Amino acid sequence: MVLKKMMESDELKSSSKLETVTFSEMKHEELEALVEFMYSVDGSISSESLKKHVRSLYLAADKYEIPHLRDLCRKHLISSLNSSNALNILELAQIPFDKALNDAAFTTIKNNISSIASSAEFKLFVVNHPDLSVEIMKASLIRPRTSASCHYCGSSFRY
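At position 15 of the sequence shown (counting the first as 1) the number is 15 in UniProt numbering, and the numbers step up by one without a gap.
For the record, the hints were derived by calculation from the structure and aren't laboratory data.
On a predicted model such as this, the values are computed, not experimentally measured, just so you know.
Backbone N, C-alpha and C define an ideal beta-carbon position, used for all residues, glycine too.
Take the hints with a grain of salt, since some may be wrong.
DEER-style ranges, computed between Cβ atoms [unchecked claim]:
{"id": "1", "residue 1": "R55", "residue 2": "C150", "range": "45 to 55 Å"}
{"id": "2", "residue 1": "E91", "residue 2": "V35", "range": "18 to 28 Å"}
{"id": "3", "residue 1": "I78", "residue 2": "E25", "range": "22 to 32 Å"}
{"id": "4", "residue 1": "K99", "residue 2": "D42", "range": "19 to 29 Å"}
{"id": "5", "residue 1": "E135", "residue 2": "Y39", "range": "33 to 43 Å"}
{"id": "6", "residue 1": "R55", "residue 2": "S115", "range": "20 to 30 Å"}
{"id": "7", "residue 1": "S140", "residue 2": "E32", "range": "33 to 43 Å"}
The calculated lysine to any residue pairs, modelled on SDA-like cross-linking and capped at a C-alpha distance of 25 Å, are [to be verified]:
{"id": "8", "residue 1": "K123", "residue 2": "D98"}
{"id": "9", "residue 1": "K51", "residue 2": "K63"}
{"id": "10", "residue 1": "K63", "residue 2": "E30"}
{"id": "11", "residue 1": "K110", "residue 2": "N128"}
Use the sequences and the hints to build the structure in full.
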(Lines of atoms letter the chains of each structure in order from A; the text may use other names.)
(Lines give C-alpha, C1' and ligand atoms only; values in the text may rest on other atoms or scores of the structure.)
Protein backbone atom coordinates (compact mmCIF):
# COMPACT_ATOMS: atom_id res chain seq x y z
CA MET A 1 0.00 0.00 0.00
CA VAL A 2 1.47 3.30 -1.13
CA LEU A 3 0.03 5.28 1.77
CA LYS A 4 1.45 2.84 4.31
CA LYS A 5 4.89 3.08 2.69
CA MET A 6 4.71 6.87 2.84
CA MET A 7 3.91 6.82 6.55
CA GLU A 8 6.53 4.20 7.36
CA SER A 9 9.36 5.78 5.39
CA ASP A 10 12.73 5.97 7.12
CA GLU A 11 12.72 9.75 6.76
CA LEU A 12 9.53 10.08 8.79
CA LYS A 13 10.61 7.49 11.37
CA SER A 14 14.10 8.92 11.94
CA SER A 15 13.01 12.51 12.25
CA SER A 16 12.44 13.83 15.75
CA LYS A 17 10.53 16.85 14.52
CA LEU A 18 6.92 16.91 13.44
CA GLU A 19 6.63 16.05 9.75
CA THR A 20 3.86 17.04 7.37
CA VAL A 21 2.45 14.86 4.61
CA THR A 22 0.61 16.82 1.94
CA PHE A 23 -2.29 15.51 -0.13
CA SER A 24 -2.40 18.39 -2.58
CA GLU A 25 -4.92 16.75 -4.91
CA MET A 26 -7.59 16.55 -2.20
CA LYS A 27 -9.69 19.23 -0.59
CA HIS A 28 -9.98 19.30 3.19
CA GLU A 29 -13.40 17.60 3.32
CA GLU A 30 -12.28 14.91 0.89
CA LEU A 31 -9.23 14.16 3.02
CA GLU A 32 -11.46 13.97 6.10
CA ALA A 33 -13.60 11.38 4.30
CA LEU A 34 -10.47 9.38 3.41
CA VAL A 35 -9.29 9.47 7.03
CA GLU A 36 -12.79 8.49 8.19
CA PHE A 37 -12.55 5.40 5.99
CA MET A 38 -9.01 4.53 7.07
CA TYR A 39 -9.85 4.77 10.77
CA SER A 40 -13.15 2.91 10.57
CA VAL A 41 -13.14 -0.43 12.34
CA ASP A 42 -15.01 -2.26 9.59
CA GLY A 43 -13.57 -0.53 6.50
CA SER A 44 -16.67 1.50 5.84
CA ILE A 45 -17.56 5.11 5.20
CA SER A 46 -20.76 7.02 5.78
CA SER A 47 -23.08 7.05 2.79
CA GLU A 48 -23.18 10.85 2.97
CA SER A 49 -19.37 11.13 2.70
CA LEU A 50 -19.25 8.53 -0.04
CA LYS A 51 -21.97 10.23 -2.08
CA LYS A 52 -20.42 13.68 -1.66
CA HIS A 53 -16.79 12.72 -2.34
CA VAL A 54 -17.00 9.53 -4.41
CA ARG A 55 -14.96 10.84 -7.35
CA SER A 56 -12.01 12.09 -5.29
CA LEU A 57 -12.14 9.03 -3.01
CA TYR A 58 -12.11 6.74 -6.05
CA LEU A 59 -9.04 8.51 -7.44
CA ALA A 60 -7.32 8.52 -4.03
CA ALA A 61 -8.09 4.83 -3.57
CA ASP A 62 -6.37 4.13 -6.85
CA LYS A 63 -3.40 6.44 -6.22
CA TYR A 64 -2.74 5.17 -2.70
CA GLU A 65 -3.63 1.54 -3.51
CA ILE A 66 -6.64 1.13 -1.21
CA PRO A 67 -8.58 -1.61 -3.05
CA HIS A 68 -11.48 -1.89 -0.60
CA LEU A 69 -12.23 1.83 -0.85
CA ARG A 70 -11.95 1.66 -4.64
CA ASP A 71 -14.45 -1.23 -4.66
CA LEU A 72 -16.88 0.73 -2.45
CA CYS A 73 -16.59 3.76 -4.72
CA ARG A 74 -17.00 1.67 -7.88
CA LYS A 75 -20.13 0.02 -6.48
CA HIS A 76 -21.59 3.42 -5.56
CA LEU A 77 -20.73 4.92 -8.96
CA ILE A 78 -22.33 2.01 -10.83
CA SER A 79 -25.48 2.11 -8.70
CA SER A 80 -25.84 5.85 -9.31
CA LEU A 81 -25.28 5.72 -13.09
CA ASN A 82 -27.80 7.60 -15.22
CA SER A 83 -27.87 9.54 -18.47
CA SER A 84 -26.75 12.77 -16.80
CA ASN A 85 -23.57 11.39 -15.18
CA ALA A 86 -22.59 8.51 -17.49
CA LEU A 87 -20.07 10.52 -19.52
CA ASN A 88 -18.30 11.72 -16.37
CA ILE A 89 -18.19 8.19 -14.99
CA LEU A 90 -16.91 6.82 -18.30
CA GLU A 91 -14.15 9.43 -18.20
CA LEU A 92 -13.32 8.48 -14.61
CA ALA A 93 -13.14 4.79 -15.57
CA GLN A 94 -10.20 5.57 -17.85
CA ILE A 95 -7.90 6.87 -15.05
CA PRO A 96 -6.68 4.14 -14.74
CA PHE A 97 -8.80 1.82 -16.81
CA ASP A 98 -11.51 0.09 -14.74
CA LYS A 99 -13.32 -2.47 -16.90
CA ALA A 100 -16.39 -2.91 -14.67
CA LEU A 101 -16.96 0.83 -14.33
CA ASN A 102 -16.21 1.43 -18.01
CA ASP A 103 -18.65 -1.27 -19.14
CA ALA A 104 -21.44 -0.06 -16.86
CA ALA A 105 -21.03 3.56 -18.00
CA PHE A 106 -20.79 2.50 -21.64
CA THR A 107 -24.01 0.48 -21.39
CA THR A 108 -25.83 3.41 -19.79
CA ILE A 109 -24.61 5.72 -22.54
CA LYS A 110 -25.59 3.27 -25.27
CA ASN A 111 -29.07 2.84 -23.77
CA ASN A 112 -29.56 6.62 -23.56
CA ILE A 113 -27.64 7.71 -26.64
CA SER A 114 -30.37 9.93 -28.10
CA SER A 115 -30.58 12.19 -25.04
CA ILE A 116 -26.85 12.08 -24.32
CA ALA A 117 -25.72 12.79 -27.91
CA SER A 118 -27.80 15.98 -28.03
CA SER A 119 -26.42 17.36 -24.76
CA ALA A 120 -23.85 20.12 -24.31
CA GLU A 121 -21.84 17.72 -22.13
CA PHE A 122 -21.47 15.31 -25.04
CA LYS A 123 -20.19 18.07 -27.34
CA LEU A 124 -17.48 18.89 -24.80
CA PHE A 125 -16.80 15.18 -24.26
CA VAL A 126 -16.24 14.73 -28.02
CA VAL A 127 -13.63 17.50 -28.00
CA ASN A 128 -11.81 16.11 -24.95
CA HIS A 129 -12.17 12.39 -25.70
CA PRO A 130 -12.43 11.83 -29.46
CA ASP A 131 -11.43 8.15 -29.32
CA LEU A 132 -14.04 7.31 -26.68
CA SER A 133 -16.61 9.31 -28.63
CA VAL A 134 -15.96 7.22 -31.73
CA GLU A 135 -16.38 4.04 -29.68
CA ILE A 136 -19.68 5.34 -28.29
CA MET A 137 -20.97 6.18 -31.75
CA LYS A 138 -19.88 2.83 -33.20
CA ALA A 139 -21.58 0.95 -30.36
CA SER A 140 -24.76 2.97 -30.75
CA LEU A 141 -24.97 2.01 -34.43
CA ILE A 142 -24.73 -1.70 -33.74
CA ARG A 143 -28.17 -3.09 -33.10
CA PRO A 144 -28.88 -6.68 -32.15
CA ARG A 145 -30.34 -8.64 -35.02
CA THR A 146 -33.91 -9.67 -34.49
CA SER A 147 -35.76 -12.46 -36.21
CA ALA A 148 -39.44 -12.51 -37.02
CA SER A 149 -41.82 -14.44 -39.16
CA CYS A 150 -44.13 -13.27 -41.89
CA HIS A 151 -47.73 -12.98 -40.74
CA TYR A 152 -49.05 -14.23 -44.09
CA CYS A 153 -46.74 -17.07 -45.15
CA GLY A 154 -44.92 -17.97 -41.92
CA SER A 155 -41.42 -17.52 -43.41
CA SER A 156 -38.72 -16.51 -40.94
CA PHE A 157 -36.48 -13.55 -41.61
CA ARG A 158 -33.92 -11.45 -39.75
CA TYR A 159 -33.74 -7.72 -39.62
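Evaluation of the provided hints:
1. The hint said 45 to 55 Å for the Cβ distance between R55 and C150, and at roughly 52 Å that hint holds.
2. At roughly 27 Å, the beta carbons of E91 and V35 sit within the given window of 18 to 28 Å.
3. In this structure the supplied range 22 to 32 Å holds for I78 paired with E25, their Cβ-Cβ distance being about 23 Å.
4. Against the hinted window of 19 to 29 Å, the Cβ-Cβ separation of K99 and D42 comes to about 27 Å, which satisfies the hint.
5. A beta carbon spacing of about 40 Å between E135 and Y39 agrees with the range 33 to 43 Å that was offered as a hint.
6. Look at R55 against S115: about 22 Å separates their beta carbons, and that is inside 20 to 30 Å.
7. The hinted window of 33 to 43 Å between S140 and E32 holds, with their beta carbons roughly 41 Å apart.
8. Restraint check: the Cα-Cα separation between K123 and D98 comes to about 24 Å, which is no more than 25 Å; the hinted pair holds.
9. Taken as a hint, the K51 and K63 pair is honoured in the structure, with Cα atoms around 19 Å apart against an allowance of 25 Å.
10. Distance check on the hinted pair: K63 and E30 sit about 14 Å apart at the alpha-carbon level, within 25 Å; holds.
11. With a C-alpha separation of about 19 Å, the suggested pair K110 and N128 falls inside the 25 Å cut-off, and the hint holds.
Violated hints are absent here; each numbered hint is respected by the structure.
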